[in-house]
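Please put together the full structure from these sequences, using the hints given.
These protein sequence lines are chains A and B, in that order. For the first sequence, my numbering gives the first residue as 199, with consecutive numbering after it. For the second sequence, my numbering gives the first residue as 199, with consecutive numbering after it.
Every clue listed holds true.
The list treats identical chains as one, so a pair stands whether inside a single copy or across any two.
Straight-line C-alpha distance at most 25 angstroms; calculated DSS-like pairs for lysine-lysine:
| hint | residue 1 | residue 2 |
| --- | --- | --- |
| 1 | Lys-373 | Lys-290 |
| 2 | Lys-270 | Lys-587 |
| 3 | Lys-373 | Lys-282 |
| 4 | Lys-270 | Lys-400 |
| 5 | Lys-373 | Lys-251 |
| 6 | Lys-400 | Lys-267 |
| 7 | Lys-373 | Lys-267 |
Hints were generated in silico from the structure; no laboratory data involved.
These are the residues of each chain, in order.
Protein chains: 2
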Amino acid sequence: MKSLLKGNALIAQSGGCTAVINQSLVGAAMASRASNAIPKVFGSRNGIEGILKDSLVNLSASDVELLRKIAKTPSAALGSSRYKLLPEDGKKIVHHLKKHDIRYLFLIGGNDTANTSLQIAKAARLGDYTLRVVHVPKTIDNDLVETDHCPGYGSVARFAAITTQEAALDTRAMKNVDPIKIIELMGRNSGWIVAASALLKKSPADAPHILLIPEIPFDETAFLKRTEATLQSVGYCIIVISETIRDHAGNRIGRKLGGVTKDPFGHPYVEGASPRLASILEKNLRVRARFDKPGTIQRMSMPYISPVDQKEAYNAGARAVQWALGGMSEVMVGFFRKPGKKYALEYRPVPLAKIPNQERYLPAEFFDAKHSMIKPAFFDYALPLIGAKLPEFPVL
Amino acid sequence: MKSLLKGNALIAQSGGCTAVINQSLVGAAMASRASNAIPKVFGSRNGIEGILKDSLVNLSASDVELLRKIAKTPSAALGSSRYKLLPEDGKKIVHHLKKHDIRYLFLIGGNDTANTSLQIAKAARLGDYTLRVVHVPKTIDNDLVETDHCPGYGSVARFAAITTQEAALDTRAMKNVDPIKIIELMGRNSGWIVAASALLKKSPADAPHILLIPEIPFDETAFLKRTEATLQSVGYCIIVISETIRDHAGNRIGRKLGGVTKDPFGHPYVEGASPRLASILEKNLRVRARFDKPGTIQRMSMPYISPVDQKEAYNAGARAVQWALGGMSEVMVGFFRKPGKKYALEYRPVPLAKIPNQERYLPAEFFDAKHSMIKPAFFDYALPLIGAKLPEFPVL
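Quick look at the structure:
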């Protein structure tokens with residue numbers, strides 16, 4: 199173990215928000231407050247922008263009861279950011295860190311944020327400033343490499359799994375009028391969230407019936423055929439898609455490619471993947487297709503939160519601080535699943551340099567491209583992450 | 199009290215589904231089962247279509263434990279319908295009712311369904327067939343006349359109130375990147391659901407900042423001015439709209455009126471109100487605008503359900519049966535709020551003939567058109583309907 203480094207700590211939240219990113223914030227803040235080596239723990243407003251603008255919150259002075267409530271509140275309580283460091287920012291940031299005697303840096307974010315962490319660590323080394331940087335993973339997209347899963351994913355997965363069954367019951371009852379429903383979910387370049395929408399599917403006739411993910415190019419002919427077959431056999435069809443599905447050329451579905459792209463007032467026509475698929479279905483199958491697009495509600499909803507995800511996100515924040523105090527730097531808190539039937543997690547440091555500019559896609563082991571549906575192995579992977587007390591959906 | 203009428207009962211669910219329509223179904227089924235005058239209670243599959251097609255479920259034989267679970271399940275367990283009676287259907291329906299010795303008819307639905315109830319009652323009179331018809335109100339739109347509110351509204355109102363705050367926290371954290379969010383909710387021709395999205399707003403700076411409802415024609419200039427002013431003063435802007443907002447000529451916002459209405463393959467361009475508003479905002483204010491459209495999830499979500507709404511929906515079903523057994527017919531179960539500060543409800547029969555072809559709009563007493571926001575009286579009206587245990591949204 200390295201020698202004890204005394205100095206203040208700084209925590210920042212970055213990238214898209216989640217329902218549990220405040221758990222990681224409070225986990226890191228409480229662990230910092232518990233250490234004699236850290237006199238003060240600061241929060242940086244709006245990611246790394248706060249340190250550049252001297253917009254800091256003294257989390258050592260925050261009421262513990264308030265912090266406990268903040269942990270259970272969705273979104274980033276410190277504010278978030280998509281700021282990309284400029285070449286000159288590294289030096290500036292080190293200057294500000296020095297000024298506040300900050301020796302511990304904890305950024306909570308995805309792979310872009312991991313890159314920021316790495317650049318700051320490098321700038322500190324160049325400036326001969328001792329700084330320990332531990333990265334706390336966070337993304338609903340579940341696309342970070344070198345970790346079993348990411349904090350934020352379990353909760354959005356629970357939202358996807360339950361609301362898909364709920365929305366499907368609506369279509370089941372209204373199948374004579376509105377037999378097709380499209381549900382559009384998030385996921386950047388990967389199908390992890392869409393895959394989770396099928397976690398409560400118990401038989402082939404159960405919803406969802408078709409999953410479209412960004413990893414598999416959209417095939418209109420196969421899609422229409424499968425939808426029609428489902429309408430024939432089940433009487434209705436629930437289609438869950440990622441908002442970023444693409445065609446074989448890599449173009450987003452629903453993007454206006456040509457023709458009139460603006461209205462007479464010059465407003466551009468925005469369509470999106472769901473309205474485009476609805477148009478295709480209505481034209482070809484002559485039945486009405488509706489769509490639900492929960493948008494940011496899917497990543498902010500507290501009633502659908504996964505208690506497993508909450509706990510792991512808190513632990514990730516706390517582990518980051520404990521490891522930094524123990525001398526580690528330039529690592530990310532990685533999640534490793536212990537072998538065995540019962541779900542159990544172990545936190546292990548992963549070299550931070552392995553994280554940036556990498557994305558983990560939904561593997562073939564979990565997704566059957568031919569049938570546009572998840573495979574059994576995905577249930578084993580994802581069900582433990584969404585927590586217990588799952589609702590039943592009885593029918594008459 | 200009229201003489202005891204012995205015969206079977208029939209229950210059907212009709213129109214758009216809600217999270218509590220099964221409470222009314224089970225309330226009516228259990229009250230029917232409790233009476234010696236009703237040997238059997240049937241459920242009709244897919245509204246009135248089930249009786250025309252002899253597609254009935256014997257609810258007297260259903261397991262009570264299953265019925266209890268069904269009550270807590272969203273959507274219409276019997277299936278729903280938007281079937282409009284043909285002139286010859288009245289006679290046919292009476293024929294089928296006779297065949298099954300059905301003397302009690304309970305349709306659960308909105309004003310279209312009330313019309314169906316009335317037509318069947320009339321056909322029975324013409325056919326000299328004694329039938330008691332009591333209508334059970336149901337609509338998330340809260341637009342039935344002659345009742346304080348409608349079962350289904352309290353739950354969608356709770357969904358709107360809480361998810362708007364949750365989604366707003368996301369925008370608050372991401373205001374440097376995505377400062378504008380539009381949330382598109384339902385409501386047919388009235389703003390009751392959109393109004394509910396502001397129930398947890400505590401100060402002018404809190405979200406939501408602008409509400410657009412179908413009763414007030416959309417004014418682009420005023421809308422842009424108000425959005426810009428909110429961005430200036432608050433730093434972000436949450437806009438909640440009904441999917442059916444209209445311009446001064448009564449045309450739906452987002453409808454393609456002219457120009458190219460189809461893509462090169464002949465697929466019609468569907469835009470919708472939110473993408474249209476997002477385009478208008480991005481063009482004029484040069485900032486990104488996102489939108490969430492929870493769609494049917496808003497009316498199916500169980501974790502956001504209002505316990506008050508659940509209880510009242512059950513009671514409405516039970517009252518309908520008790521009143522019919524007592525001799526009433528051609529009435530709807532009306533909800534009346536007792537005077538006094540503490541919320542208390544009384545169920546009173548309302549003549550059914552008053553219900554069809556009427557809609558109740560959000561009154562000026564509840565909505566300030568000039569400021570696009572609810573008035574204090576609306577809090578008093580709607581807060582008791584969404585139930586207790588409302589979340590807090592603390593900030594750092």
